[in-house]
Amino acid sequence: GGIITQTPKFLIGQEGQKLTLKCQQNFNHDTMYWYRQDSGKGLRLIYYSITENDLQKGDLSEGYDASREKKSSFSLTVTSAQKNEMAVFLCASSRGGNNQAPLFGEGTRLSVL
Amino acid sequence: GNSVTQMQGQVTLSEEEFLFINCTYSTTGYPTLFWYVQYPGEGPQLLLKVTTANNKGSSRGFEATYDKGTTSFHLQKASVQESDSAVYYCVLGDRGSNYNVLYFGSGTKLTVEP
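Same order as they appear, the protein sequences are chains Y and Z. Numbering-wise (this note's numbering), the first sequence opens with residue 1 and increments by one. Numbering-wise (this note's numbering), the second sequence opens with residue 114 and increments by one.
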């Protein structure tokens, strides 16, 4: 079986800091996603990528950059962390195409002091 | 645009009681519909999916019917167990994007008491 690994599991940053989150998958999936999870708001899409070097913006892309240098990895950068921000960032992957159910990693928990 | 509405933020039941979680959606076309479940400290995991209108999906005793007429996809289980305690998300898959961009409801936290 495969796995989606997100690093780090916990991230504490300072206001204004640039922070990078990493995601690796060994399912050989084509499509990868970054979602943000806030308490009581469900998950919202930040970026997704359908293949290596591709990037597509989601509804929440402002304030973030993403990079897909390899098929197996997808990184997300918070360009300027906001004071008192707390959220969980979830990476997912799927084979792409209709009807596929993305698989999720365990998340990176961000706190900004 | 696409949206999913779950009005129940929290549901508390005793073991063996009947579960009903309400979900309605808004979209154009014929989406794929999912229920995901999330346990503490973990990412969401697929519970069930339905790709065709008027079909029913089921898994681990949970059922949901894709009702295009009422744009609903309610989740039911006849008899819950303490181990079912988790957050349940109703999710719409946007076929228009062809890459299964998912739109999540706000989630329903289920607590099952022994």
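If you're looking for bench data, these hints aren't it; they were derived computationally from the structure. Just so you know, not all the hints are guaranteed correct.
[As the list claims (entries may be wrong)] Calculated pairs, DSBU-like style, for lysine-lysine (alpha carbon to alpha carbon, straight line, at most 30 angstroms):
{"hint": "1", "chain 1": "Z", "residue 1": "LYS169", "chain 2": "Y", "residue 2": "LYS22"}
{"hint": "2", "chain 1": "Y", "residue 1": "LYS22", "chain 2": "Z", "residue 2": "LYS181"}
{"hint": "3", "chain 1": "Z", "residue 1": "LYS181", "chain 2": "Y", "residue 2": "LYS71"}
{"hint": "4", "chain 1": "Y", "residue 1": "LYS9", "chain 2": "Z", "residue 2": "LYS190"}
{"hint": "5", "chain 1": "Y", "residue 1": "LYS57", "chain 2": "Z", "residue 2": "LYS181"}
{"hint": "6", "chain 1": "Y", "residue 1": "LYS83", "chain 2": "Z", "residue 2": "LYS222"}
{"hint": "7", "chain 1": "Z", "residue 1": "LYS169", "chain 2": "Y", "residue 2": "LYS70"}
{"hint": "8", "chain 1": "Y", "residue 1": "LYS57", "chain 2": "Z", "residue 2": "LYS190"}
{"hint": "9", "chain 1": "Z", "residue 1": "LYS190", "chain 2": "Y", "residue 2": "LYS41"}
These figures come from a predicted structure and were not determined experimentally.
Hints versus structure:
Annotation: proposed proximity of LYS169 (chain Z) to LYS22 (chain Y) is violated, straight-line Cα distance about 37 angstroms (limit 30 angstroms). With a C-alpha separation of about 39 angstroms, the suggested pair LYS22 (chain Y) and LYS181 (chain Z) falls outside the 30 angstroms cut-off, and the hint is violated. Under the criterion of a C-alpha separation no larger than 30 angstroms, the hint pairing LYS181 (chain Z) with LYS71 (chain Y) is inconsistent with the structure, at around 36 angstroms. A C-alpha spacing of about 33 angstroms is found between LYS9 (chain Y) and LYS190 (chain Z), which places the hinted pair above 30 angstroms, so the restraint is violated.
Between the alpha carbons of LYS57 (chain Y) and LYS181 (chain Z) the distance comes to roughly 29 angstroms, so the proposed pair stays at or under 30 angstroms and holds. The straight-line distance between the Cα atoms of LYS83 (chain Y) and LYS222 (chain Z) is roughly 28 angstroms, inside the 30 angstroms bound, and the hint therefore holds. Distance hint between LYS169 (chain Z) and LYS70 (chain Y) is unfulfilled; the C-alpha atoms sit about 38 angstroms from each other, more than 30 angstroms. Simply put, LYS57 (chain Y) and LYS190 (chain Z) have alpha-carbon atoms about 37 angstroms apart, too far for the 30 angstroms limit, and the pair is violated.
As the CA atoms of LYS190 (chain Z) and LYS41 (chain Y) are separated by approximately 24 angstroms, the hinted pair is consistent with the 30 angstroms bound.
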